[in-house]
Structure formats: structure tokens, C-alpha cells
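Novice: Chain residues, written in single-letter form:
Number of protein chains: 2
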Amino acid sequence: MITIAVDAMGGDHAPKSEVEGALRAVRSLDVAVNLVGREQIIREELDQHGKWQNLPITITHASEVITMEDSAAKAMRTKKDSSIRVAARLVRDGHAAGIVSAGNTGAVMATSKLVQGMIRGVSRPALATAFPTLIGTPTVLVDVGANVDATAEMLAQFAFMGHIYSRAIFSVHRPRVGLLSIGEEEHKGNALTHATTPLLKQLPIHFIGNVEGRDLYTGLADVIVCDGFIGNVALKVSEGLVEVFKHILKESLSSSFTRQVGAALAKNAFTDLKKRTDYSEFGGAPLLGVKGVCIICHGRSNANAIKNAIRVAAEYSSNRVNEKIEEGLAGLNDSAASA
Amino acid sequence: MITIAVDAMGGDHAPKSEVEGALRAVRSLDVAVNLVGREQIIREELDQHGKWQNLPITITHASEVITMEDSAAKAMRTKKDSSIRVAARLVRDGHAAGIVSAGNTGAVMATSKLVQGMIRGVSRPALATAFPTLIGTPTVLVDVGANVDATAEMLAQFAFMGHIYSRAIFSVHRPRVGLLSIGEEEHKGNALTHATTPLLKQLPIHFIGNVEGRDLYTGLADVIVCDGFIGNVALKVSEGLVEVFKHILKESLSSSFTRQVGAALAKNAFTDLKKRTDYSEFGGAPLLGVKGVCIICHGRSNANAIKNAIRVAAEYSSNRVNEKIEEGLAGLNDSAASA
Chain A
0 MITIAVDAMG GDHAPKSEVE GALRAVRSLD VAVNLVGREQ IIREELDQHG
50 KWQNLPITIT HASEVITMED SAAKAMRTKK DSSIRVAARL VRDGHAAGIV
100 SAGNTGAVMA TSKLVQGMIR GVSRPALATA FPTLIGTPTV LVDVGANVDA
150 TAEMLAQFAF MGHIYSRAIF SVHRPRVGLL SIGEEEHKGN ALTHATTPLL
200 KQLPIHFIGN VEGRDLYTGL ADVIVCDGFI GNVALKVSEG LVEVFKHILK
250 ESLSSSFTRQ VGAALAKNAF TDLKKRTDYS EFGGAPLLGV KGVCIICHGR
300 SNANAIKNAI RVAAEYSSNR VNEKIEEGLA GLNDSAASA
Chain B
0 MITIAVDAMG GDHAPKSEVE GALRAVRSLD VAVNLVGREQ IIREELDQHG
50 KWQNLPITIT HASEVITMED SAAKAMRTKK DSSIRVAARL VRDGHAAGIV
100 SAGNTGAVMA TSKLVQGMIR GVSRPALATA FPTLIGTPTV LVDVGANVDA
150 TAEMLAQFAF MGHIYSRAIF SVHRPRVGLL SIGEEEHKGN ALTHATTPLL
200 KQLPIHFIGN VEGRDLYTGL ADVIVCDGFI GNVALKVSEG LVEVFKHILK
250 ESLSSSFTRQ VGAALAKNAF TDLKKRTDYS EFGGAPLLGV KGVCIICHGR
300 SNANAIKNAI RVAAEYSSNR VNEKIEEGLA GLNDSAASA
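Note that the protein sequences, when read in sequence, are chains A and B.
Its first residue numbered 0, the first sequence is counted upward by one per residue in numbering that gives the first Met the number 0.
Its first residue numbered 0, the second sequence is counted upward by one per residue in numbering that gives the first Met the number 0.
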């Protein structure tokens, strides 16, 4: 059985969401969970849910907690016994296949990279997020914040890793990979997209050329590649606009004219909106390129989001995503060397 | 009376939206409109609306039309008698205060820059778009596509021009200017934001530091500055998500359970959504930094959007936005020289 280490102290609702998510995961999936953090607190939270001693759940004590306010660099230097660090060590030492954390994203990325290490051939890990689309299969955006000022070579690796991820987790047979730009035509873009296009054309992936911001939602591409600065802005623009929509729906409801008749519709629309725009439904954002697995969840993650992230971490491991990335990159280097 | 030259051949619904928008503008505002394009077609369209000969509307013939498919560079070289070019010449020669076009954005920007010329002291014009916010006053995002690979010095000028624009058009007394980045803290960003921050701190504007993608909608800043590549992605991500939201509302409506009771609410929600997310309501995107005025509208603009753009063009001119930009930049150079 695959074991996933869950940072129990990470999110805004820690350890409540983490503990409940872990319980849901071990009850519904073929997975074991190692909850990492302050043992006493975790144990008390587990006890709230009745008998858990027969479930595949263990606790690993970690005395320190990295907060959202901590800078990643400082946390790495000073908090050597943080729940994130201890969880990453469990992966490094072979006690867990991967980690799930809703904690400080910068600290999780830096810790995972340092402690778990990188897959052979990967120059930088990249954070991938799945966006809901109107046609069903989510679109993977990579990178959404691990690397700013990325080079063309880095984007090419992100594209390749996104391709492997889309195949392994979303079962897309031949993922369409697009380059995020400001127009479909190849000449529309900036210095980075112009340098990246020829590299993407050489990769053994189905590169479909430039895509635009709106294509995060159209389903035109299965994987969209961009620099981490741009991906992060795109992600947060989306989050901001979803908040506006929710607000508009609520306001429409509060008008006395429609309060009565609108209740049923609003319930539908809200549920639908939540389902369609809730990134947590897709199981968090994997940090592609590190050894083992690292799934980063939104700080606001609820138990369901944590459960989904544990599911994705287990699938990521059992579908051998890392092995496929390593083999693929080695193959690319071989063909480059023989060319 | 201020005269605005309107490219009558530009948008997806040209000349219908342009002609109707011009008629609405001259009937409700203290403005004259010069419709530029194929005279016969414009005249016929005007005649559809009854007697217009006593209104302050004129027609200037232009034999060529730049399509959305034309590359900006080629259109500039080959179509010297395009409606966009003739309209820009009217401004250059003092016959109109500014142009409004819903045509090919790249061609309009390039033509306006070349024919109208740039304000003294401006190194690059920048496209500004007003985003609706929950608190009322729109947030101006600049640049949304005129310049990719912008330098820190260019972003500083965009910030200053955005500051003047927000004051003049949205009557914000002391606009809060933010730098689009991936975290509020100053150290979070990329090479460009790190180089830009010290320049923005030196400007006589109310610089509030980094803002994030979600702040396009929170109203935290009145002006948000970014590179044109990023601004364009942000704009199109928003457009894509608005489409998703409309789709969800429609789907919720089509369920038989709620079809009856939901009609009233849906009408409200749709109207509200449209009003809150319809950038055209704000009167198009001004190209800040060119002599005269250049307002670029979405290709899908309806008559109301064109009318609003004509209104903004007239206000831009009567509020002396360009003079204020020129004086401000001269002042900056003077203080830099004496420092």
C-alpha cells in the first residue's frame, strides 16, 4: 500500500481539514497516511472522529510549524524540525511516497526541492494546476509560480513534464500542449515565447502552438506552458473573478423581488459554480520534477480537497509519473547527443 | 465643440455599431463625430436612422479597410488609405481631437503612434483598460498589450500616465498605484518588478507596492501597472472566465426544475453580470502617450460601447490628459536633472 505523508499543520484550517481529509482518504482509497506535526494535537483531533487505531494512519511528530507569514528562505534555515521538513524527509528516506501540504507554498516548494531532491535531468521543478474547462477534461497550467524569469529551456521541460502529467493523471492519450501567449499566430508573443517555440516543436509532444489567456477555460489545450510569474497572475486573476461572481449571485439573491423564486436556481448555480471553479476538486497542484511526490494545496483547503490531494499523490506515484519524466528526458538527451 | 473621428469600418458589426453609436453620442453629448470609411456605405447606414443632416455628423471617405486578419505591419505598409489611417490623419492635421476604433488593435496602435505621433517625453505608448471592481470605481490596468518585454523605465512611465488618466477620467483624487506581482511583499516578483519598484517609489504618485492578480477586482488599487504581455494574458483570462460563468448560468436555467422560478433571478443576475464585467461600458481602452486621443474598442463592440468610447475620447481631450502627462514628465526630468 502506498503511504502519503500529510503536513497536518499547514493549512488555514489545520489540523482539522488535514485529519478529516486523511480519514476520508484511508476509508475510501487504497492508501495509508502518515500525519506529520505536533503529535498531541493531531491525536486529539483524530480522537474527535472516534476509533481510528485500526485504520492505516500513523503520526510522525514534528515540533515546529512554518506559518504563512514566514519567508521560505528563513523558514528553511531556522525551522529544521518543521512539519513540512519532516514530511519531506519521510519521502527521502523511503517511508512515504509523497507529501501533501496546504502550508506556505514557497516553503513547501523549497523544502521539497532541497530535501526530496530533483529527478535526474530536471533543471527546475514546476508547479502545475488543473483548470476546470467547459468540455470536461481539465487543462493543466504549468508553471504557476515555482519559477519566475524562466528560460526557454525551462519552459520546454515544463511542457514535457505537463505532457506526462496530463497522460498519467487525466488519462489524456495525446495531450495538446499550447504555449501561453497574446495571440494564436506564432509571431505574436514576447522574447521568451519566440525562443521557446522552436524548442517545443522539437519535443516528442503534440505541440499546438500559441494559445491565449481565455484558453485556460476553452479546453483548446490539455497542457498550457508559461513562466511562473505569468501563471501565478493568471491563477489569481481567476480566483479574484470567481469571488466577484459569487458576490454578484449573492447580491442578485438579496433583492426582495427575487428572494423567493430564486432560491432553487441559486442553489443550483452556486453548486455548479463551486464545482466548476474549485481547483481543489482536482486535488491540488503537483510540484513536477521533484523525487517522490509533492502536492501543494490551497491554504483554504477543506477536508475534501485534502482527500483529493492524497488521491492524486497516490495516483502520481502508482502511475510512475516520475519514472516516465526521467526516462523521457534521458531519451531526449540521447537523441540530442546522437543528432 | 470637440470632434472625434470614428473608424466606421473597424469592428465586427461595422458600420452598424459605429454609426448608431455616433448618432447616440451626438444626440446625448456635446460632441461632433466624423465617421471615416467608405462614404456610400456610411451614408446608407446613416439614412436607416432617419434625418441626420442637421446633427454634428460628417463623413470622411477612406477607400481601404484593414481587417482583423491583416498583420499590423503589412497593413501599415500597404493600406495607406485605410479608415484607421485617414482617421489618425484627421487628428494629426487638427480636424479631430481623437480617434475611436473597434478595428484591428495592433494596426490601430501602430497607426496612431506613427501618424499622430507621441507626446514629448513618452518613450512608448501603453494600452490601458478599466476593470470593474466590487467597490465602484474601476481599476485601470496598464499595459494590456502595446508593449511586450517592457523595461522598468517603461513601466514607470505607464504608472505615471495611468495616474493621470485615473485622475482625469475617473476623478480619483489620489490614485493608489500598484505593481502587478505574485505577492504583496516587495521581494516577491521577478527581475522586472524588482527593477521597477525603486523607480515607482521616486515618482510623485501614491505607489502602494505590489498587488496580485486578484486585485484587478478587489479595488485595492486604482491603477495597476504591468508588462503588456502579462496585462494581455490577464485580460483574456478574465474574458474566458466570464464566458464560463455565462455558460453556467444558462445551464442552471435550462434545468426543468428551475426554469420557471429562476427566470426573474436569472434576468437580474445576467444584467448585473453584464454590467459588472462588460469592459465596453467603461468606454474602450485608451492608448496612453500618443498625441491627440486614441480609444481602442473591442471588436465585438455594440453601439453603446462606441458611444461610451466617444464620450471618453471627448473627456480625455477636454480634461487635457495629454497636456498633464507632458507637463508631468517634463517636471520629472527637471527634478532628475537638478538632483
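Honestly, I wouldn't trust all of these hints.
[Said to hold, decoys possible] Label-pair ranges, simulated between beta-carbon atoms:
#1 G330/B to R173/A: 52 to 62 Å
#2 D29/B to G135/A: 23 to 33 Å
#3 N332/A to E322/B: 43 to 53 Å
#4 I134/B to H94/A: 46 to 56 Å
#5 L133/A to G330/B: 46 to 56 Å
#6 E185/A to N303/B: 31 to 41 Å
#7 N332/A to L133/B: 44 to 54 Å
#8 R173/A to H246/B: 21 to 31 Å
#9 A71/B to P203/A: 26 to 36 Å
#10 H205/B to R299/A: 25 to 35 Å
#11 M67/A to E242/B: 24 to 34 Å
[Unchecked claim] Result set (PhoX-like, lysine-lysine): computed pairs, CA atoms no more than 25 Å apart in a straight line:
#12 K78/B to K187/A
#13 K200/A to K187/A
#14 K73/B to K112/A
#15 K245/A to K249/B
#16 K249/A to K249/B
#17 K187/B to K73/A
#18 K187/B to K78/A
#19 K245/A to K245/B
#20 K112/B to K249/A
#21 K112/A to K323/A
#22 K187/A to K79/B
#23 K187/A to K73/B
#24 K323/B to K79/A
#25 K112/B to K187/A
#26 K50/A to K15/A
[To be verified] If we take Cβ atoms under 10 Å as the criterion, some of the chain A residues that face chain B in the derived model are:
#27 I181
#28 I229
#29 F244
Just so you know, these hints were derived from the structure itself, not from any lab.
All values derive from a computational prediction rather than experimental measurement.
Using N, Cα and C, we set each Cβ at its ideal position, and we do this for glycine too.
Novice: Hint by hint, note whether the structure agrees.
Specialist: Results of checking the hints against the structure:
1. G330/B to R173/A: 52 to 62 Å: With a Cβ separation near 59 Å, G330/B and R173/A satisfy 52 to 62 Å, so the hint holds.
2. D29/B to G135/A: 23 to 33 Å: violated, 53 Å
3. N332/A to E322/B: 43 to 53 Å: violated, 60 Å
4. I134/B to H94/A: 46 to 56 Å: The hinted range 46 to 56 Å holds for I134/B and H94/A, with Cβ atoms some 50 Å apart.
5. L133/A to G330/B: 46 to 56 Å: Since the Cβ atoms of L133/A and G330/B sit about 50 Å apart, the hinted range of 46 to 56 Å holds.
6. E185/A to N303/B: 31 to 41 Å: holds, 36 Å
7. N332/A to L133/B: 44 to 54 Å: holds, 51 Å
8. R173/A to H246/B: 21 to 31 Å: Cβ of R173/A to Cβ of H246/B: about 26 Å, so the range 21 to 31 Å holds.
9. A71/B to P203/A: 26 to 36 Å: holds, 35 Å
10. H205/B to R299/A: 25 to 35 Å: Given range 25 to 35 Å: holds, Cβ gap about 31 Å.
11. M67/A to E242/B: 24 to 34 Å: About 33 Å separates the Cβ atoms of M67/A and E242/B, which means 24 to 34 Å holds.
12. K78/B to K187/A: holds, 21 Å
13. K200/A to K187/A: Judged against 25 Å, a Cα distance of about 16 Å means the pair holds.
14. K73/B to K112/A: Status violated; Cα separation ~48 Å.
15. K245/A to K249/B: holds, 16 Å
16. K249/A to K249/B: holds, 17 Å
17. K187/B to K73/A: Status holds; Cα separation ~14 Å.
18. K187/B to K78/A: holds, 21 Å
19. K245/A to K245/B: The given pair, whose Cα atoms are some 13 Å apart, holds under the 25 Å limit.
20. K112/B to K249/A: Roughly 44 Å separates the two Cα atoms, so the pair is violated.
21. K112/A to K323/A: holds, 19 Å
22. K187/A to K79/B: holds, 23 Å
23. K187/A to K73/B: Within the cut-off at roughly 14 Å; holds.
24. K323/B to K79/A: violated, 55 Å
25. K112/B to K187/A: The hint holds at about 19 Å.
26. K50/A to K15/A: Judged against 25 Å, a Cα distance of about 16 Å means the pair holds.
27. I181: holds, 4 Å
28. I229: holds, 6 Å
29. F244: The hint holds - F244/A has a Cβ within 10 Å of chain B, the shortest such distance being about 5 Å.
Violated hints for the displayed structure, listed by number in ascending order: 2, 3, 14, 20 and 24.
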